[in-house]
Amino acid sequence: NAGVTQTPKFRVLKTGQSMTLLCAQDMNHEYMYWYRQDPGMGLRLIHYSVGEGTTAKGEVPDGYNVSRLKKQNFLLGLESAAPSQTSVYFCASRTTRQGGSPLHFGNGTRLTVT
Amino acid sequence: AQTVTQSQPEMSVQEAETVTLSCTYDTSENNYYLFWYKQPPSRQMILVIRQEAYKQQNATENRFSVNFQKAAKSFSLKISDSQLGDTAMYFCAFMKHAGEETSGSRLTFGEGTQLTVNP
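Those protein sequence lines, which keep their order, are chains A and B.
Note that the working numbering numbers the first sequence so that position 62 is 121, with each residue one more than the last.
Note that the working numbering numbers the second sequence so that position 87 is 552, with each residue one more than the last.
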């Protein structure tokens, strides 16, 4: 049981380049999330999904797009990377079968935009 | 919107001693959940403890316990018998109970407290 798997673990981009971060979960969770972590700011929600085919904006969605074509996968895209998007990105999932169930996190992707 | 505040950016404690990390939050909700997550240098986010707001009893998990004061909107984490492996960033987080379909039951995080356990 792998839980939540993120790929890649590290990436360096030049300004203006694009990339996609992949998140996969094998727990049959309904909800999935993308957060970014920056020093002194905790984790901030970028986008989330409450089910296959649905996505919604979080606190800091600008510059990012997401897709959830399959229940187990949640993709985060950067169309034109900017230095302000240098961060650590976390994917998470949770079940709705228990109220207030905790989020399960992947191990993060460290992205540097030069 | 909910906000979570951790007023201690850094703390340190001697091995085997007890330390308390503070967390306050602001919400107009009556039913909600509170969490503490630990992030060691490996970067992994690990659930430490979970509290349901409608339960008055404070949650405990082995050496970890919370002091939940609902009226004061305070949710502190106490670590007893601190161990070197407790060195990590600790995040307090809030989740609304209602409106899951519209809010996705998102977690709102505090800024984090870096705890160092000294030998």
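Among the clues, some could well be false.
Stated by the list, open to error - Subject to a maximum C-alpha distance of 20 Å in a straight line, what follows is the list of computed SDA-like cross-link-like pairs (lysine to any residue):
1) K520/B - S160/A
2) K561/B - E89/A
3) K561/B - R156/A
Said to hold, decoys possible - Per the computed footprint, the stretches of chain B lying under chain A, defined by three or more beta-carbons under 8 Å from a beta-carbon of chain A, are:
4) 524-532
5) 574-584
These aren't lab readings, by the way, just hints derived from the structure by calculation.
We put the CB at the ideal spot given by N, CA and C, even for glycine.
Checked hints:
1. K520/B - S160/A: Given pair K520/B, S160/A holds - Cα atoms ~15 Å apart, limit 20 Å.
2. K561/B - E89/A: Between K561/B and E89/A the Cα gap is close to 17 Å, so the pair holds against 20 Å.
3. K561/B - R156/A: holds (16 Å)
4. 524-532: violated (count 0)
5. 574-584: Holds: 4 residues of the segment 574-584 of chain B have a Cβ under 8 Å from chain A.
Hint 4 from the earlier list is the only one contradicted by this structure; the remaining hints agree with it.
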